[in-house]
Every structure is written in C-alpha cells, then in structure tokens.
Amino acid sequence: MPDVKGVLLPAYVLADESGSMGPYRRELSDGLLSLCEALRAEPMIAAKLRLAVLGFSEDVQVRLAIADMRTETTVPQVIIRGVTNYGAVFNDLLYRIPADVQWLRGQGYKVHRPVVFFLSDGQPTDGNGWRTTHATLVDRAQTPAAPNIISCGIGDAKPATMIDVATSEQFAFVARPGVNIGAAISEFFAALVSSLVESGQALNSANPTLVINRPDQFTMAIDEV
Amino acid sequence: MAPKQISSRGAALSAAAWERMTVQPPSMPFEPGPPKQSAYDVLDTECEGWSTDRFTMRAASVRGDSHRWPRRSKPRQDCGRATVYERTGTLVFAVADGVSGAVHSEYGSREACRTAVETLVEQLARGGEIDLAATVQNAVGRLVELAQWRLGRQPEEAPTLKEVSDLFATTLVTGIVQPTQDGDCFVDLCRVGDSGAWVLDRSRAPYDAELYTPLFATKTGAGKKFVSNRVAALPQLPAELERVQTQLAERETLLIGTDGFGDPLGDGDGEFGAMFAEQLHTPPAPLWFAHVLDFSRETFDDDRTLLAVWPLRGQR
Numbered sequence: 001m002p003d004v005k006g007v008l009l010p011a012y013v014l015a016d017e018s019g020s021m022g023p024y025r026r027e028l029s030d031g032l033l034s035l036c037e038a039l040r041a042e043p044m045i046a047a048k049l050r051l052a053v054l055g056f057s058e059d060v061q062v063r064l065a066i067a068d069m070r071t072e073t074t075v076p077q078v079i080i081r082g083v084t085n086y087g088a089v090f091n092d093l094l095y096r097i098p099a100d101v102q103w104l105r106g107q108g109y110k111v112h113r114p115v116v117f118f119l120s121d122g123q124p125t126d127g128n129g130w131r132t133t134h135a136t137l138v139d140r141a142q143t144p145a146a147p148n149i150i151s152c153g154i155g156d157a158k159p160a161t162m163i164d165v166a167t168s169e170q171f172a173f174v175a176r177p178g179v180n181i182g183a184a185i186s187e188f189f190a191a192l193v194s195s196l197v198e199s200g201q202a203l204n205s206a207n208p209t210l211v212i213n214r215p216d217q218f219t220m221a222i223d224e225v
Numbered sequence: 001m002a003p004k005q006i007s008s009r010g011a012a013l014s015a016a017a018w019e020r021m022t023v024q025p026p027s028m029p030f031e032p033g034p035p036k037q038s039a040y041d042v043l044d045t046e047c048e049g050w051s052t053d054r055f056t057m058r059a060a061s062v063r064g065d066s067h068r069w070p071r072r073s074k075p076r077q078d079c080g081r082a083t084v085y086e087r088t089g090t091l092v093f094a095v096a097d098g099v100s101g102a103v104h105s106e107y108g109s110r111e112a113c114r115t116a117v118e119t120l121v122e123q124l125a126r127g128g129e130i131d132l133a134a135t136v137q138n139a140v141g142r143l144v145e146l147a148q149w150r151l152g153r154q155p156e157e158a159p160t161l162k163e164v165s166d167l168f169a170t171t172l173v174t175g176i177v178q179p180t181q182d183g184d185c186f187v188d189l190c191r192v193g194d195s196g197a198w199v200l201d202r203s204r205a206p207y208d209a210e211l212y213t214p215l216f217a218t219k220t221g222a223g224k225k226f227v228s229n230r231v232a233a234l235p236q237l238p239a240e241l242e243r244v245q246t247q248l249a250e251r252e253t254l255l256i257g258t259d260g261f262g263d264p265l266g267d268g269d270g271e272f273g274a275m276f277a278e279q280l281h282t283p284p285a286p287l288w289f290a291h292v293l294d295f296s297r298e299t300f301d302d303d304r305t306l307l308a309v310w311p312l313r314g315q316r
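Line order of the protein sequences matches chains A and B. The first sequence maps to residues 1 to 225 in UniProt numbering. The second sequence maps to residues 1 to 316 in UniProt numbering.
No lab work stands behind these hints: they were computed from the structure. Even glycine gets a Cβ: it sits at the ideal position worked out from N, Cα and C. One should not assume that every hint holds.
[As the list claims (entries may be wrong)] One side of the interface only, derived from the structure: several residues of chain B facing chain A at Cβ under 10 Å: (1) Asp263; (2) Pro264; (3) Asp269; (4) Gly270; (5) Arg297.
[Claimed, not checked] Calculated Cβ distances over 12 Å to all of chain A for the following chain B residues: (6) Trp50; (7) Leu124; (8) Ala133; (9) Arg150; (10) Gln154; (11) Glu163; (12) Glu242; (13) Leu312.
When you get a sec, could you build the whole thing from the sequences and use the hints?
See the structure below:
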C-alpha cells in the first residue's frame, strides 16, 4: 500500500457574480489575483492546500477547478451575470465537494474537512429554496465530506442570512453599514489569504482547527430578534 | 595528531551522503531562518545515543521545515529526553510536542519532559510500581509553576488552565523500559495528546502491512475518513489516561515519536515505513539517526522527535 502523500485542506471560494456586483468587478478580480499570488509566494503552505474558485449567480460556473496553486498559472476571471441563486451554490457543492475529496484520496492524499468561503452582496433570489440543499450539504451524517462554511455578506446581504449560510455563528460576517463595498471585497480577500496561510501553518501540527480571521470593515453577523 | 587529509572528491562524496533523505515527493530546499531571538538555546536539532548491557537507545529531535521557513521561523517545539535509573538499568523516557498555538511551547515541551523523567526516576528509587498518572500530574504542576512565574503572579493567584495552556501547552508520552530477569524488556508508558508509540518488528520484510504495531490509536491510519488535528494537551488531562504495558522481544524496536514522525508513517506499510525499517534495522550512529529523522517529504513539515530502543539479550 502506498504512503499517504500528504494531508490536504480543500478550500472553495464562492464569489457572487450577480448583476449587482457589476460595479465591483475590478475588486473581485484583483482579490482573486492577490489570492493566487499570495499562495504562490507561500509554496510550503500552498503545498497543503487545494483551491477552487467558483462564480455563482443563477448557476455556478467553475473559474478554477480544484488546483495546486504552486503550479497553477491561470488567474480565475469573474463574469458578472444574472441573479443570486443560493440553491445553485449548495446544490453544486453537494456534488462537487465529495467528488473532489474522492479524487484527492485517489491521488494518495488524506484530506482535512473542506472549507468554503462564501461572499455575497445580496439576499437569495430563490427565497428559502436553498435551505434544504444547504442542510443536506452541512449534515455530516448525510454528507461525510460536509464542509465548514464561512460566509461574508456585503451590500444587501442580511446578517440573519449569513448566519444561516455559515456552519457556525463565529464564521458569519457582514460588512459594517455604510462601508465602501469595493473596499470590503478587498478586505474579504485579505482575510481569506491570512486565514488560509494560518490554517496551512496549523495543518500537520499539534495545533487544532481552522483559523478564520475576520475581515477588516466586517463585523461578526448578529441576528436580529 | 595531524588532521586527517580528505581529498576534494572524498569531501564531495561525504557531503552527498549527508543530503536529506527523501521520500517522494520531496519538500523544496531552502536555507532555514533563525528561531525567535529569545530561543537561542533551543537548537535546531538534538540527538543522543548510548547503550547499556540490556538495550541500545537512540533519540533525536529535529525542527520541521514549517518552523525553519525564513518568513515565519520559530524554534523547535518538540522535545525528547531519556536517562537510565542506574540501580536497575531501567530506561526512563519522555517525548513531547509543544502545541503551536501556545506562546512558549518550546519550553512547555522541555519542562514536561524533564519533570516526567525526574518524577519517574524518583518513583523507581522508592521501589514498587511506577505511577504514571502522578507523573503526568507533576508535569502539569511544573507548567502551572512556570506560568505563575511568567505571569508574575503571587503564590495565592494560581493561573487558570487556559492561561497555562496559552503559554505552555504540550503533548506528552512518557514511561519506562525495564529489563526483566528472564531477559525480556517490559515497557510501561502513557500519553496525553496525539504523540505516539509503535513497535517495529525488524524480522518482517519492508512494505509488510504489520511492520509497525501502534501502541496507541493513530490519526492518519487506514480507515480515517477525515484527518483532525484537534489534540488534547497538557495542562488539560483526559478523563482516563491512555496507558499501555507490553513486552519487547529481541527482534523488536520500540519507537516513541511525535506526530511529525507518526503522520507520515501512517500505517507504516509504505515507502516511508520501509525506509525507517531499513535504517533502524540495527542502531545507527546518533548523528545518522537524526539525519534520517530530518527526512524531506512534501507537506510533512512539522517538528519531529523519535526515540528508539533496541533490546539486547544475552549480554548480561
């Protein structure tokens, strides 16, 4: 039996590409570029990660299939389009994540529980239609590869919705009211990079858990009652 | 005595022999950065080795690439210590892995090892059975003392477990190898956290599925769907201490190691396990033992500590 080649953290970035993100396309693109560059500058940490970038609106489109960022040369390009269909996101992840995990295992790796970074600027246009699929995705009994989900809401995204999307209240963030949305997107990617780098450092060590850094300009989402 | 002359070709061959041993795929080569300023006495690599008439011991502790990486270099947080209780020839050992999140885990692991070894020697001197629970408790007590001093607290202001943990959290495997009158070696050990212990059967062929027998449950063995690094560590104590007692046969080698060794070993039936089985078939020189432990393998960049014991029979 061959050795375990390594223990990897599969990470998924879900970028909202709905029409309302149009004015911030440049920040989204720059954020993805900085993410790719940061991981290339940290080859030891990148070796322990596999990154996928998915754009979503009425459907999900692959901007970067799960990749080793030390050798990946393309930069994911966002395409602004359509509405904000959360159901499409969780339905896609429900099939994509187990398949990716199985593929990585087939390559001889063990895997840490996958992590999803979800960025949206709006409320779901599919109402509550996404909730059943989301519940299946995050239920570890039904989906053994169920990911940890970190949600970041900007613009019209409501705290309560971000809390429902995230797998822990500590993983749900919203931009401060009145903050510049473009700046908030940039902060999202800065926090994403630091979270991945710090989590990458913690992997294979005696240190526990995923490290999630709150983006500047964001607060932890607090539901209203 | 005049220094030995070495030809340039000979020197090159010697240097090549000391290139890092690689298990594919290797990690990238780089020049390490210094550990933090205050950690000048925590060396990159330590090794030790000696024999009694009943066993041979080798131990090494090596800084992992993640702590050598210049952008975020840190001192080695692992530690291993061993001594002999001379009256009975009993080996007393401790291996510890300081938790990365703790501010001074390099000292936590070292003090836990020292306290465990000293406590076990005291218990052996008193006679009767050793008390591993009390040994671990003493290690916790030492970490609490250190935290109290570090935080500048008065004696009546004991630090909380969280405060101790934030400063000095560490795993610990500690115990003894006791030569018995019938020529075997009796092993008695316990652990807190995810460091491990294995018995290597040197009579088996490389790639044998049963080359290594884990004495404690492992975190990356077959059947583990997802790998968790969540670890219990001192000063926290489990409800029930994991303790193992076993006999060591002459064909077997006892291995005590941190997860920097245990994780790449996995079930031990791959290339990594075969390489260590080959290198440890007979006790190597201590420096070579450390060299083997400083293996290069992509993604396995944690500190590594390994202590190995080969029983010697019929040489009393």
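Minimum Cβ distance from B/Trp50 to chain A greater than 12 Å, as the annotation requires: B/Trp50 is indeed farther than 12 Å from all Cβ atoms of chain A, at 28 Å.
B/Glu163 clear of chain A by more than 12 Å, beta carbon to beta carbon? Holds, since 18 Å exceeds 12 Å.
Minimum Cβ separation between B/Ala133 and chain A greater than 12 Å? The assertion about B/Ala133 holds, with a minimum of 22 Å to chain A.
Status of B/Glu242, Cβ more than 12 Å from any chain A Cβ: Given that every Cβ of chain A is farther than 12 Å from that of B/Glu242, nearest at about 16 Å, it holds.
B/Leu124 non-interfacial with respect to chain A [C-beta, more than 12 Å]: holds, 29 Å
Verify the interface restraint on B/Asp263: the C-beta must sit less than 10 Å from at least one C-beta of chain A. Since chain A brings a Cβ to about 6 Å from B/Asp263, closer than 10 Å, the hint holds.
Given B/Arg297 was flagged as interface, is its beta-carbon under 10 Å from a beta-carbon of chain A? holds, 8 Å
May I ask you to test the interface hint for B/Gly270 with respect to chain A, counting a Cβ-Cβ separation under 10 Å as satisfied? holds, 3 Å
For B/Gln154, is the shortest beta carbon distance to chain A beyond 12 Å? Holds: least Cβ distance 31 Å, greater than 12 Å.
Can we confirm that no CB of chain A comes within 12 Å of the CB of B/Leu312? Label holds. Min Cβ-Cβ 31 Å, cutoff 12 Å.
Checking a non-interface call: every C-beta of chain A should be farther than 12 Å from the C-beta of B/Arg150. Is that right? The claim holds: B/Arg150 sits with its nearest Cβ about 20 Å from chain A, beyond 12 Å.
Hinted contact B/Asp269 with chain A - closest CB pair below 10 Å: holds, 5 Å
Going down the numbered hints, you'll see the structure goes against none, and every one checks out.
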